[in-house]
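Next come the chains, spelled out residue by residue.
Number of protein chains: 2
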Amino acid sequence: MMKFTLALFLVLSAAAQNGPVAQPRPLQGFSSESADRQRMLEKQFDSFLKKDEVRDWMKRLSARPHHLGSPYGKENADFIASLFRSWGYETQIERFDVLFPTPKTRLLEMTSPEKFTAKLEEPTLKEDATSGQKSEQLPTYNAYSINGDVTGQLVYVNYGVPEDYEVLERRGIDVKGKIVIARYGGSWRGIKPKVAAEHGAIGCIIYSDPRDDGYFAGDIYPKGAWRNENGAQRGSVADMPLYPGDPLTPGVGATANAKRLDIKDAQTLTKIPVLPISYSDALPLLRSLDGPTAPAAWRGALPITYHIGPGKTTVHLKLEFDFKLAPAYDVIARLRGSERPDEWVIRGNHHDAWVNGAGDPVSGLVALLEEARATSELMKSGWRPKRTIIYCAWDGEEPGLLGSTEWAEAHAQELQQKAVIYVNSDGNSRGYLSVGGSHTLERFMNDVARDVIDPEKEVSVAERWRARRILNGNADMRREARERADVRIDPLGSGSDYTPFLQHLGIATLNVGYGGEGETSGVYHSIYDSFDHYVRFADPTFDYALTLSKTGGRAVLRFANGDYLPLNFGNLSDTVSQYVKEVMKLATDERDAIAERNRRINEKTFEIVDDPVRNLVVPKPEPPAPFINFAPLENALSRLEESCRNYDNAMRDAAAAVRLQSRDLQQALDDALRQVELAMINERGLPRRPWFTHQIYAPGFYTGYGVKTLPGIREAIEQHNWNEASEQIVVVANTLERTAAQIDRARALISK
Amino acid sequence: MMKFTLALFLVLSAAAQNGPVAQPRPLQGFSSESADRQRMLEKQFDSFLKKDEVRDWMKRLSARPHHLGSPYGKENADFIASLFRSWGYETQIERFDVLFPTPKTRLLEMTSPEKFTAKLEEPTLKEDATSGQKSEQLPTYNAYSINGDVTGQLVYVNYGVPEDYEVLERRGIDVKGKIVIARYGGSWRGIKPKVAAEHGAIGCIIYSDPRDDGYFAGDIYPKGAWRNENGAQRGSVADMPLYPGDPLTPGVGATANAKRLDIKDAQTLTKIPVLPISYSDALPLLRSLDGPTAPAAWRGALPITYHIGPGKTTVHLKLEFDFKLAPAYDVIARLRGSERPDEWVIRGNHHDAWVNGAGDPVSGLVALLEEARATSELMKSGWRPKRTIIYCAWDGEEPGLLGSTEWAEAHAQELQQKAVIYVNSDGNSRGYLSVGGSHTLERFMNDVARDVIDPEKEVSVAERWRARRILNGNADMRREARERADVRIDPLGSGSDYTPFLQHLGIATLNVGYGGEGETSGVYHSIYDSFDHYVRFADPTFDYALTLSKTGGRAVLRFANGDYLPLNFGNLSDTVSQYVKEVMKLATDERDAIAERNRRINEKTFEIVDDPVRNLVVPKPEPPAPFINFAPLENALSRLEESCRNYDNAMRDAAAAVRLQSRDLQQALDDALRQVELAMINERGLPRRPWFTHQIYAPGFYTGYGVKTLPGIREAIEQHNWNEASEQIVVVANTLERTAAQIDRARALISK
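Chains as they are written, first to last, in this note's numbering: chain Z, 9 to 760; chain P, 9 to 760.
Isolated chain Z, as found in the complex (with noise of 0.2 Å):
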């Protein structure tokens, strides 16, 4: 606490110092007289955080295992609602059923050459006061996975995503009627078992490599803060790519009245039987793998010769699930704002945890849950927000993003109406500033990063994010870190309740967080996810916490002040005419690599290459790539860049922020800049995919999380679908045309 208020001193006396160079820059979305205010409005707020009841709540809401479904759960639930309405917000919780399996019955063997039983079970450890709690624990499973008794052949399939069914390929090995394993990493769980189906395996194992999560690391908990040989990874494998939430309710809420499919006909669930391991129940399965030696890069850090099978291994699967509905408890607050409050900010964490889920969700929830409380301490002196703002906890995210995408979709129509931001945030820990989301918000990002200072360090947590890339960035990244305004954030994938908002109702969103010097993806789902590893390893003073607070704090409060909203569109073409020029590429490597292979196919390369005692297969040859039109979307880029342009143009003109200074004018502006993420959907959605209708971000179909950016364009690239990708360029040209004709909208606006 001493050192960071020792930094912001001296930052801020410098800035009284330096005279006129060190004025505050203006705000985006601010006179500069509202933004003076606005800083001292923030000044106010950061001197009402506190860490200790930040540190008090952490432990309260972690101190059971609260799944959604749980007893604990409902608690923390209503603890939340009731903090919230002991702060003066309206606050309400909303309830969804969801489908939501748990196991009745877990086994897995080995039934040859010799006979093992995993025990699927994470031990108690003295060091850790909740790991314990055995009545209430979940034990380690994925959600959605499919019932099943299954034997079969073991295959070792390494991260099993489509280029490792490749390799084994050209090894002759079929999957087809046999159990794979796959190690965890790579890419998102649920991708695993989607791959394994379509190769025709009939049943899943996934563990956690100590290569990848465990004792190469570091020290295992716990000694050190890794994941250690009995730690197994429960999550998610739901086909979340296709569409997340109740897999019951696709495109609606989930309320009690909903119209519910069969489970049978529930498309996210797996087509196999899948059971997640620790790494001392997989070593004697992989021990006892014979086949080919596996290739270099899928070797883990066991110590054994890593081999791929099949062979004389077989393994014997057999799960059940209770399929029952389970209550979702979403906890919404709001505060009603002054000026629009049909204009919503939402500012959302999750609160549903696997087990104790000390670091994921509840540390970025209690930063939310001391945001809310800054916030209401403002109000005592009467402030109020021009805007409404909405916070929300989310039940169920770690099954599927239950609670906010069922939320998202019961509100549908008025979230499209209302909401002008989506600020997320999940689990957080010491170190960097991370950030996600719509490019339209990268330069408001970028300001308030830079009023945000470090705890460690006495720098603003801008500076340390811009440094951290010249350190680590390739010699690309490290120039722009130097040379561009703003640090470039990341697009958006999957993998926390942002997804809907962003990628289903075209809402623009924010992902942040801190993170990368505590020690917390050792524990990552599993029972030791707890208060005591927390303050050992993550983040032990919660002087991040408080920094996520105001920075999570400064974008709502921001957005919920702003004369009007404070988008940027620079920033936004500058990133798609990144993206254009890569999915571009991508067809011209993916032409060239068709053409190479094909090449060496014909040129006889491999035969004459081929170890003979390896008893390789040479890959097939597949039809040449055809060279592909894209010049409408080159054009659509070219007008939306213009379009970019000419907004920031217009705002920088002094008459402009004359008239801004009209409500009827900031009211219209909003109301056309609302609508800017809005015109990057396409209603009828992705191919194959119509839940996910932004066409600028999606979540990769075989990535999981992972963000494929144009996704359409993208994907259709990547499988070698040339029609579609045709199809794709045009969609997505009209898109970006769209964006641009709103943009001028809001332009027209400030510069008649």
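For the record, the hints were derived by calculation from the structure and aren't laboratory data. Please read all numbers here as calculations on a predicted model, not as lab measurements. Hints may be right or wrong, so weigh each one.
Just so you know, same-sequence chains aren't split out, so a pair can sit in one copy or run between any two.
Unchecked claim - With a Cα cut of at most 20 Å, we get these calculated SDA-like pairs of lysine to any residue:
id	residue 1	residue 2
1	465	615
2	231	295
3	326	499
4	231	714
5	326	734
6	332	131
7	612	482
8	272	205
9	388	490
10	320	96
11	332	114
12	112	330
Using the hints provided, position chain P relative to the given structure of chain Z.
Below, chain P without anything else, positioned relative to chain Z:
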């Protein structure tokens, strides 16, 4: 055998059927008539090759340990000499007396936090018939370690190369007064104690991490081919980048009466005691280390978290050696040339091993023996080579290229006057052709490779060599492999007996062998490099022994029989121009790297980013690097390129072919061509290591085996010694001018 015969038949029939297109290509150094005769001769040579005796010889030569100075080593030398004599070669054994320390005491124990004594023992395996010959085996040790009895804290230094110490410095770790443990790999082993001593360490342990050499690669011996937990890698740690050969007689042959240094004055002994250990011996030490977690790139495949230390872990290392002189027996077999007896074609492979050495060196030696036998069969029909052929079986290669270096030094003057080529081989196994050497021989060697058929595939070894680069190379390598007339051969660093010939005497040199499919590296320098291992994993059918015989045999026979020496210079200047580009780019890259680091220091980027918990140390700034004048080098390169082009053009001239029927001209041309490689040496040698005189190729001062091309310039830049770099640019430029002038002399002979 069937497969090979069929393949050859197909190729020959294809050649016969395709008419003019498939006319045998002309052979460099031969008129078209003499080329036809030569190819007939080679066909005859091939027909004499037999696998059975190659197998028998390997079994005989590897039946007992036969290191330098051992009884069986002497028996082998006598046996090899008797073979050569039986084939009609004028054969002698030349003896040199060389320093060869063997261990009296080897003790390594952990003294804190708990007691552990390393076993230092490779156990007998029932699957390996010779592994139990304990009384004759050299124990695991590093030759030319000094005696020592040291105790100190242990520090893990990764590969122990200079960059690793930069990583330590960043973490504030100093090895002064401590004992380092380094893993094998990343450099030649002798670099590790050298760099450790430069940083003040008092002892050095080198272990085989299973990541680089053990179960990570494949199943361990005896189940599979790879190094087991008790295998340890013997090997020399003499400072061979300073000079190889007998440490007591640098630059002169270690004959009976040679003047010898006192051991205390021998510069190539290590400065600190060094011991190699297995990974089962290393595991308790590494597991015990505390201190910072090692960076990801430093972590091996042991099932532990790798820490750097120093801390509670201390070790005691005690080593005593018997520093005695041992006799090295080089077997030298001559076949006097009929026409130009004073031009020597030298072909060598060592015969000594660390233990039984079936792979290293016997697999290469038996191919050489079979070459010599087949050549002797040719003599039975009255054939004699134009030039003298000398087969050499070297002793004492393992401890430090002793037999070859002492022979080369003892006969230096005569060799520089008479030797026209030295062709080396060493261990050989199943797989792909590998060629390193003088680039004046690149086209020649490509011609040889086009005429040798791969025993596994129905293509030439040249085609397989090229196809492998297409399949595994990056885009640049792939393009070159497809478009360049010849496959580029590798420059030679060190690690086998070619070094004294090429880098000390300036004799055009080749190193040839096959490998990449056979699994040999896991028993390198261990008791398990045995006949039993070789015939299971390296080349069970001995097909590649005969392929090496055909390859080496053609190289020798073509050089011995050519009308004139088959050198080509376009390939030389093409490759030297690459090296010039590389060193210029290196200067730019180093300059940029220094500037970038200084900028980061100046802008406090490290301070802003570094995690305060990790106690990192900000690097120190360094004076900016100046721009360097490369013009002398570029001018000399232009001159060389022109001379090379002119020579190759002159050779293509029809009139030259007529003139070259003159024996006097042939002889004069040979004299001129022989001196081209000599023009590349500089009698003053490289800075601080006068023994290394070649200005194009040298082993790196800090890589040991790894080559540095244009070493004087390159290493000065790497060391940021800008003045020396400028000086060496002039030295190398003069060398290139001298080489160009010598090529001009050769050209003048044929184009006058």
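Exercise for the section: Taking the numbered hints from earlier one at a time, note which ones the structure violates and give those numbers from smallest to largest. Expected result: 3, 4, 5, 6, 9, 10
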